[in-house]
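So the chains spell out like this:
2 protein chains.
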Amino acid sequence: MDRIQLDYTHILADSIGAPHGLDEQSLMALAAPSMAALAAVQARRTTDLRWLDLPHQDEMLDEIVAYAASVRGQFENVVVLGIGGSALGPRALHTALNSPYHDSQPPADLPRLHVLDNVDPDWIGEFLAHVDPHTCLFNVISKSGSTAETMSQFLIFQKVLIEALGQEEHKRHVVVTTDGSHGVLRPIVEEEGYASFVVPEGVGGRFSVLSPVGLLSAALVGIDIRGLAAGAADMDARCKQAPFEENPALVYAAIQWLMQSEGDKNIAVTFAYSQRLRDLADWYAQLLAESIGKRLSRDGQEVFVGPTPVRAVGVTDQHSQVQLYAEGPADKWFTFLSVENSDHTITIPKAYSDRDALAYLGGRTLNDLFEAEREGTRIALTEAGRPSVDVIFPKVNAATVGQYLYMMELAVAVMGEHYGVDAFDQPGVEAGKIAAYALMGRSGFEERRQEIEASSGTTAKRI
Amino acid sequence: MDRIQLDYTHILADSIGAPHGLDEQSLMALAAPSMAALAAVQARRTTDLRWLDLPHQDEMLDEIVAYAASVRGQFENVVVLGIGGSALGPRALHTALNSPYHDSQPPADLPRLHVLDNVDPDWIGEFLAHVDPHTCLFNVISKSGSTAETMSQFLIFQKVLIEALGQEEHKRHVVVTTDGSHGVLRPIVEEEGYASFVVPEGVGGRFSVLSPVGLLSAALVGIDIRGLAAGAADMDARCKQAPFEENPALVYAAIQWLMQSEGDKNIAVTFAYSQRLRDLADWYAQLLAESIGKRLSRDGQEVFVGPTPVRAVGVTDQHSQVQLYAEGPADKWFTFLSVENSDHTITIPKAYSDRDALAYLGGRTLNDLFEAEREGTRIALTEAGRPSVDVIFPKVNAATVGQYLYMMELAVAVMGEHYGVDAFDQPGVEAGKIAAYALMGRSGFEERRQEIEASSGTTAKRI
Chain A
1 MDRIQLDYTH ILADSIGAPH GLDEQSLMAL AAPSMAALAA VQARRTTDLR
51 WLDLPHQDEM LDEIVAYAAS VRGQFENVVV LGIGGSALGP RALHTALNSP
101 YHDSQPPADL PRLHVLDNVD PDWIGEFLAH VDPHTCLFNV ISKSGSTAET
151 MSQFLIFQKV LIEALGQEEH KRHVVVTTDG SHGVLRPIVE EEGYASFVVP
201 EGVGGRFSVL SPVGLLSAAL VGIDIRGLAA GAADMDARCK QAPFEENPAL
251 VYAAIQWLMQ SEGDKNIAVT FAYSQRLRDL ADWYAQLLAE SIGKRLSRDG
301 QEVFVGPTPV RAVGVTDQHS QVQLYAEGPA DKWFTFLSVE NSDHTITIPK
351 AYSDRDALAY LGGRTLNDLF EAEREGTRIA LTEAGRPSVD VIFPKVNAAT
401 VGQYLYMMEL AVAVMGEHYG VDAFDQPGVE AGKIAAYALM GRSGFEERRQ
451 EIEASSGTTA KRI
Chain B
1 MDRIQLDYTH ILADSIGAPH GLDEQSLMAL AAPSMAALAA VQARRTTDLR
51 WLDLPHQDEM LDEIVAYAAS VRGQFENVVV LGIGGSALGP RALHTALNSP
101 YHDSQPPADL PRLHVLDNVD PDWIGEFLAH VDPHTCLFNV ISKSGSTAET
151 MSQFLIFQKV LIEALGQEEH KRHVVVTTDG SHGVLRPIVE EEGYASFVVP
201 EGVGGRFSVL SPVGLLSAAL VGIDIRGLAA GAADMDARCK QAPFEENPAL
251 VYAAIQWLMQ SEGDKNIAVT FAYSQRLRDL ADWYAQLLAE SIGKRLSRDG
301 QEVFVGPTPV RAVGVTDQHS QVQLYAEGPA DKWFTFLSVE NSDHTITIPK
351 AYSDRDALAY LGGRTLNDLF EAEREGTRIA LTEAGRPSVD VIFPKVNAAT
401 VGQYLYMMEL AVAVMGEHYG VDAFDQPGVE AGKIAAYALM GRSGFEERRQ
451 EIEASSGTTA KRI
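Here the protein sequences come in this chain order: A and B. When you line the first sequence up against my numbering, it's residues 1 to 463, in that order. When you line the second sequence up against my numbering, it's residues 1 to 463, in that order.
Chain A extracted, bound-state conformation:
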């Protein structure tokens, strides 16, 4: 199996100098707390952090593969109705492991994938105008069944399907991924007789990509989900109890913590030098932001913690963000995602060789150029004293993507221990939900609505 590696040479003062480089001792000083954090996380593996064990659920994989095989060739479109963790995983797997032209020219027998993770009427309206529901399999994903966005979409598309196909036939076009026994969707599944999958206990939204939440749509569009699980299992074996200095998840978590606590860097940039891996960076942005961005009470004081994830794509963002990265404030650290072997090799033809600005390109490959630009940017950031690590993918395939997903999930769980936060809740989204319920007139939220109406008396400052 190809194995991803973590290279942290250029985070160290030996490479980037003071004041932004870590010295190796301060990193190694985190070995003991990291091992303690790992033990604390692993102790919850069979209780509330069951996502740790997802790579080993062979029966779950068998069920997904069997369902995907049973509907193969029946649908031109798979439509994920989900948001947040129910959308970012499905999308990241598709863009990483299928062709960017999969959806415009689907391979034989395989459907397109649409991930409708918004309720913007301008998007849903255009979808309804352009995509024939007869050709669609809708994968409704919500653990609780009370996600307003997903359930609104479900109600809309259910009606469209029933009107187009009739009550009986419409059922074949819906497959639901939800809680095994609780929530709003499970009884609907049973009433309607929809096919369904279970979001296992102990698997929160942002840790769900290796459950049916991420894997069902992946299997439907032809991705090797057993390969993903095998990759994740390999990373589990590498990180479950390995000592700190051999443990990429622990070292990554320790670096994030030190970059913020000692280096005062509040921004964590994932710089994907790979068009295919860009949505993995988006997936990680949710994982990091929701898990570590928290309000705490310490000695009676409110404290607000958490790095802000930023996604960049190489070489593209060299022409958009690198000016700021190299010469702006030293408030960032960088994780390059780099790919050693592309699936394609493309030679740049020799032409106009009398022009200096073109001569050096002719006869080289696009692969050489891509790598030289990545290395050139890394060198420039290093020389400017900007810290970076490199997550190296020998190739982009199901095994390496599975490894990356698992490594980052474990790293973030361990980060939670360093930061002293609960990495598995998201209390900060409640206030916005409640205000939206109040504005929508949901029963039980009348008082909140009155409060909002009373406070909106401020004169608007508008130009």
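No wet-lab data here; the hints were simulated from the structure. A portion of the hints provided could be inaccurate.
[To be verified] The list that follows gives simulated cross-link-like pairs (lysine-lysine, DSS-like), each with its CA atoms no further than 25 Å apart:
(1) 240(B) to 395(B)
(2) 171(A) to 350(B)
(3) 159(A) to 171(B)
(4) 240(A) to 461(B)
(5) 171(B) to 461(A)
(6) 240(B) to 461(A)
(7) 171(B) to 159(B)
(8) 461(A) to 240(A)
(9) 171(A) to 159(A)
(10) 395(A) to 461(B)
(11) 350(B) to 433(A)
Assemble chain B onto chain A, guided by the hints.
Just chain B now, with coordinates in the frame of chain A:
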């Protein structure tokens, strides 16, 4: 004409309280320096900042419209070969003003748009495997003609075209946007006899969206470029000399400056509550990062300045980033892009009305839900003391998008004066380019290559 508005109610202490709210006096204290900054910028309108005058170039618009009409119906695909400002503008216009299904189901006579702004072999290789060059019009965009990525792509696709179509016929498939007289591409245009457009003097990459750089591909895919220019001209009229308190570009620039200099907020989030406007946020991310992210020398000390732009999409990122925005560090301020009237209205059917979690949705519209979630999130951030402004689009159309583009360009130019930086250079990207040239073996860079090779002796720290 529909007019966008800037609402800054919730940036003020009256709304969000201390310590993060601005008091109105500190904002109004910037009136005089803002008017001086505006005068300084406008004084350069006919010299080096000619992008200020782009909305009034009727002849340029006529030429673009005439060319687009002359090739209408001849190509299934328009392919932009460009990067940075040569790609972000074309993409943002397309996603804002065309259907999200334009490229999968192009309207009669209109081509798809591909913006190939990377040299990742895994993308370009898949493009070559899936898109027939016979069906393509390639728009090569580089002011200097020495952009390594764009020129490599040009050499690759030129060879493919010549092999497929012959030397003579291939010319019809290329249209070049480059400098009028200087650089590497202009003589190639003349040798080959390609159709071409001019990047006018005084129009830098990130200020080029209203020049042929942004407008040519827009016209080709059916966008009303006269409407865009009219919108921009309207914003020019609103901002050219209007007093501070009536001038949205000046107020926006002042708020950005105060948020960073007084509020210590180093992150500027553009939170697009519109699937269509998300790539405008990406376009702005380049404009802000490259213009303001600068290294300065003050009193013999190096100083590093500049906000970091972050893009978010509502409601989607409520389920990914809002936990951090509401409860993480108070290091951010927010610009909501909100749309008052969508092109579609979609009713959520009533069903399962005995379930509390669904009953309030039935009979309402997706439009109501979208707005309630935006307002709910804004209220939650306001109550958490997080400052935000709102750029309100009455509708998304060519006029309002043109207004937004022009307003933000002018705002960033004025920000440059507040920050004391040259908003129009990008010296920080040179080091990376030079290192990449050295690694590619470009002549003249041998010494740099030796340096890099000598310094790469550090033992890699790799797990």
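Going through the hints against the structure:
{"no.": "1", "hint": "240(B) to 395(B)", "result": "holds (24 Å)"}
{"no.": "2", "hint": "171(A) to 350(B)", "result": "holds (18 Å)"}
{"no.": "3", "hint": "159(A) to 171(B)", "result": "violated (51 Å)"}
{"no.": "4", "hint": "240(A) to 461(B)", "result": "holds (21 Å)"}
{"no.": "5", "hint": "171(B) to 461(A)", "result": "violated (54 Å)"}
{"no.": "6", "hint": "240(B) to 461(A)", "result": "holds (21 Å)"}
{"no.": "7", "hint": "171(B) to 159(B)", "result": "holds (11 Å)"}
{"no.": "8", "hint": "461(A) to 240(A)", "result": "violated (55 Å)"}
{"no.": "9", "hint": "171(A) to 159(A)", "result": "holds (11 Å)"}
{"no.": "10", "hint": "395(A) to 461(B)", "result": "holds (20 Å)"}
{"no.": "11", "hint": "350(B) to 433(A)", "result": "holds (21 Å)"}
Going down the numbered hints, you'll see the structure goes against 3, 5, 8, while the others check out.
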